[in-house]
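Dock chain G against chain F, hints included.
Protein chains: 2
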Amino acid sequence: MDKNSATKTQASSVAITDYFKQQSARVEQWLERLLPASNKAPVTIHEAMRYSIFAGGKRLRPALVIATGEVFDADEQALLPTACALEMIHTYSLIHDDLPAMDNDDLRRGRPTNHKVYGEAMAILAGDALLTQAFITLANLEGVSAETKVRVSAEVAQAAGTVNALIGGQVLDIQNEGRPVTAEELDAIHRAKTGALIRCCVRVGAMIGGASESELQLLTEYAEKSGLAFQIADDVLDATATSEELGKTAGKDEASQKATYVALYGIESARQRAEQLCQEAIEAVQKIGRETAQLEAIARFIVERKH
Amino acid sequence: MDKNSATKTQASSVAITDYFKQQSARVEQWLERLLPASNKAPVTIHEAMRYSIFAGGKRLRPALVIATGEVFDADEQALLPTACALEMIHTYSLIHDDLPAMDNDDLRRGRPTNHKVYGEAMAILAGDALLTQAFITLANLEGVSAETKVRVSAEVAQAAGTVNALIGGQVLDIQNEGRPVTAEELDAIHRAKTGALIRCCVRVGAMIGGASESELQLLTEYAEKSGLAFQIADDVLDATATSEELGKTAGKDEASQKATYVALYGIESARQRAEQLCQEAIEAVQKIGRETAQLEAIARFIVERKH
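Going down the list, the sequences are from chains F and G. Just so we're aligned, residue 1 is where the first sequence starts under my numbering, counting upward by one. Just so we're aligned, residue 1 is where the second sequence starts under my numbering, counting upward by one.
Bound-form chain F, shown alone:
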């Protein structure tokens, strides 16, 4: 890497950090309005929902919805609630994944997990409630046609489901723990567990923006490649970063003999694979011929991030 490209990487990385901060602030303002107030009865469930959704985090999924929608000048009234709905679904999946019966995690984003604070029963219900709230939110979108609302809702529900989708991925993840998996199996797990929702974020952003069918195809390619790169980078981080940097228990994958890209390819090859996918994602999105700098920067961020 010559001096110029190093400077460029650093500059784009600063810019994307600012972009995430700006979009997080917008998303949190909307989440504040979209979730039942914490003084609304029953108070505890609303507190539990808010505890996890306002726990920080990168807000990568909402940023993808927004960055994609803004390529097509999408209406904020529809785009931001959709971004929030995806964050609700992501957060519900984290709450349930952390439960004692699942990954049994005590720490998430540097804080005690939902069930450590509110107990298991309330954590299960808070997850259920965030999933449900996502569909309340999508049914009440403004600024788009009923046809678009239905299309977005179908896309989100499908991505959150069992077939090549979020819940299915979690099932595979649980079932494969401690046993060797092939490269194809690992790709299938991650296409489902993290890929489906990331793909969905980009696609619903495009739908709300009114993208053409060919644009939607290119964006889908961008999203699928970025999603896989994201998971590989995640595996690399788990193997190389400290718990403090991650805000969650590091080295857990190896300890639990979880199937990861690092276990399969080693750290260096995994890194290279993530970088190649990132490059291909950027090339796909550039073919659209619109202003896609933020989407490109997000793809780069995905493989360069330190947490």
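Keep in mind that a hint or two might mislead.
Which copy? The list can't say, so a pair holds if one copy fits it or any two copies do.
Mimicking DSS-like on lysine-lysine, the simulated pairs with C-alpha atoms at most 27 Å apart in a straight line are [stated by the list, open to error]:
hint, residue 1, residue 2
1, K258, K40
2, K258, K287
3, K116, K258
4, K306, K58
Just so you know, the hints here were simulated from the structure itself, not pulled from any lab data.
The following block gives chain G in isolation, referenced to the frame of chain F:
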């Protein structure tokens, strides 16, 4: 009760039992198509979903959707999947309520509960998946406008949520266990826990059928009164029937000092209250001036049933 009315009650009870059987058969045919096949990967989650949804049961909620829709000659292509979506949500809530962290029930409809068969992790995910599948189903309805799909989806999501709705009711139920509650508190718990979904069944049936605003109001009144009567009858059954009759552990409410109408009013007063609500529900629905015999019979069944 004179001989005539006794005969009439018996006759209508036989008729409604047949009606439930007929509608159950239709609902199960549609559920078969609407749920991912059990040989579709990941197999286990689809088996777990099907284990609970095909566990029998009265199919009261789908029957309410269908009976209401058929008052307005609703299109089967939209009505039956909607009925199935409500049954998916009801089943998800039972799976999660039965979990060790919640009511810790081993028996449901005479069979081991989902987590006893598939383990806690899979039971949590099967519940999540049925909730999600309900919204996949609603987004893919045929035979109704996109506007109606959005309206139905909003109504269902709201009823499944936390504010005077399904999840909120479960929260109150957990929080109030073992402490005395007032009559008003008990009504609020049940309006949320069982009432919201029953109300929703009737309302979405009416929406798909294209009911007028005033018809929707009368049907809502019918549903709210029937829903409360249903819960009171449930409490009476828990106190008076055997586990064998119920297909679940009987007498559990008293053992766990759960707030019930029986604990509050005694068995006889609770029975009378249920009968009065049933009568008022029937009067409301008769004001519509259409053929509502099935809805009336369902209201009577709700208070007269033996399990």
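Hint by hint, here is what the structure shows:
1. Taking the closest pair of Cα atoms, K258 and K40 come within 27 Å of each other only across two copies (24 Å); inside a single copy the shortest separation is 41 Å, beyond that limit.
2. For a Cα distance limit of 27 Å, the shortest separation of K258 from K287 qualifies neither inside one copy, at 37 Å, nor across copies, at 63 Å.
3. In this homomeric assembly, K116 and K258 come within 27 Å of each other (Cα to Cα) both inside a single copy, at 23 Å, and across copies, at 26 Å.
4. In this homomeric assembly, K306 and K58 come within 27 Å of each other (Cα to Cα) only inside a single copy, at 12 Å, whereas the closest approach across copies is 54 Å.
Hint 2 alone, counting from the list given before, is not met by this structure.
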